[in-house]
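Visitor: Heads up: the protein sequence lines correspond to chains A and B, in order. Per my numbering, numbering through the first sequence is continuous, rising by one, with the last residue being 296. Per my numbering, numbering through the second sequence is continuous, rising by one, with the last residue being 267.
This list has only true hints and no planted wrong ones.
Distance windows between CB atoms, simulated:
| # | chain 1 | residue 1 | chain 2 | residue 2 | range |
| --- | --- | --- | --- | --- | --- |
| 1 | B | Leu176 | A | Arg288 | 46 to 52 angstroms |
| 2 | B | Gly47 | A | Ser74 | 51 to 57 angstroms |
| 3 | B | Phe48 | A | Arg113 | 33 to 39 angstroms |
Residues from chain A shown here face chain B by an in silico Cβ test under 7 angstroms; the list is partial:
| # | residue |
| --- | --- |
| 4 | Phe25 |
| 5 | Met26 |
| 6 | Tyr133 |
| 7 | Leu275 |
Just so you know, these hints were derived from the structure itself, not from any lab. Model, not experiment: these values are computed from the prediction. Positions of the beta carbon are idealized from the N, C-alpha and C atoms, including for glycine.
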Amino acid sequence: MSLDPQRRLRRKLLLAPTTLTLLLFMVLPMLLMAWMSVLAPDTYGGVRWHEWSVDAYVQFLYERDLDDSLTLNSDYLQIFGRSFLLAGFATVVTLLIGFPTALYIALKEEKTRQRLILLISIPFWTNLLVRTYAWMLLLRNGGLIDSSLTALGLSQGALDVLYTPTAVAIGFVYSFLPFMVLPIYTSLEKMDWRLVEAAFDLGANRWQALRRVILPLAMPGIVAGCLLVFIPAIGSYYIPELLGGGKSLMIGNLIQNQFGTARNWPFGAALSFMLLAMVLLAMWVYTRRFQRPPGE
Amino acid sequence: MQASNNLWRFRGVTPTAMLAFVYLYLPIVVLVVLSFNANRIATLWTGFSFDWYLKVMDNDNILRATKNSLIIACGATVLATSFATMAALAMAALAMAGKRFRGQAFINAMLGLPLLVPEIVTAVASLLFFLALGLDLGLMTVLIAHTVFCIPFAYLPIRARLEGLDPRLAEAAADLYAGPFATFRRVTLPLILPGVLSGAMLAFIVSLDDFVITFFVAGAGATTLPVYIFGLIRMGITPEVNAVSALMLLVSIAFVALSYWMGQRKS
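Just chain A, same shape as in the assembly:
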């Protein structure tokens, strides 16, 4: 099929709305954000457009004393560290729960599989804010978990889980579990199960078949699942806010703060830009590490 000029023009016109919208309202704002991160802040929010400054990045590591000397300040690094730790923990736990769940579904009959996948998808598409709120009801003192533990005599006094990093971790695992199950299931579903039968025929036991055949074949789904959990978790804003109760600040809360009470746009832009850079780096490392041809 050759493309005459008229058809080519038509195709360009068809692509224009999407391309222009994304360029103007997604790519351009990102570039503007990067630019603003190297400008000087104005007093009440905003930036000084003609004043370059790397203060936002300096502020991330150092504290400027009254006499203008810099001392190392690890507060922000700790927040980044905590974000990595919590998001990483959530990724590992969702993988440990999500992989067996996906395997369980993949081994069912066609009709049951579709129903179970619908059951996994429903939370995926329902409002995350509301589901996070539901955990507040469950976890708070006097809530269902607390009162049932007390009734069973398993705990004395208040549970005190809500507003701790543990609550944030529980919320993360809960919120992002479907993001892990769905891609792993997709790769398991496409798998040629005769390969596993062949492994059994060749004398492999279940564990060997799982480790040597199923896991490597499911790897694209596992990697995709890990990214789909890690990325939203590390940039999460309201889960740490609501379940962590301001005590376990994460990157998202720190960023939001710069546009709220702190009124330091360049610092907020710089933090967002660093988060973006880390996410892109993590993606790059993951894909390079795991997308090797099978059999290495």
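For chain A, the structure is supplied; the task is to place chain B on it using the hints.
Guide: Below, chain B alone, put in the same frame as chain A:
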């Protein structure tokens, strides 16, 4: 089937899966049950009551926020779905012609951006952009931001549907002297309609549910339902929040079930 064979039973898989399903649904069930609780103390069950739902229906702020949510979700769905349909048609035609043009990888990368970039980063970038342009934050800025992140959700199912389309059908229409528009309206559109509808529904849910981006780019007058709920939650746990949250869940679940049912029908 595989499952009938003893070899295929991996130890621990069934209990883990059961645990996962309970884990996913326990909070939803608890929330819905507590929304019917007669008691003022939101977590202590005393009796069945519809009161909180009636209170929600009577609350002007909630109604206004719901109206905003619906206006924005409808607007963003229409814009994103029509843009995405056009783009998917063009991309499919290009793929079929076997021609790679320079922008193709770039457009694919751009379509992936709203899905990959953490929401808070998109939110900050959009906020700074709107403020730098001197735009007033309001329904307009929310609509623009929502259209952007809805485009990929609408695009993917349409593109998938087009992939399974027989190109000879459009060629046959052209042979029968149908113009490009008539071919689209009478042949291509009816064939890809399930994809377009499921894309539109995804866009609608995603827009209706969005909190983070809306929270940043909505001014005082453009509060949507999730933003309003967030404000309520921050003030404390109350039965009204339970009721309005349960309603929100119900709408999403209805939409997912509907899109599942439509998917079943086409196959």
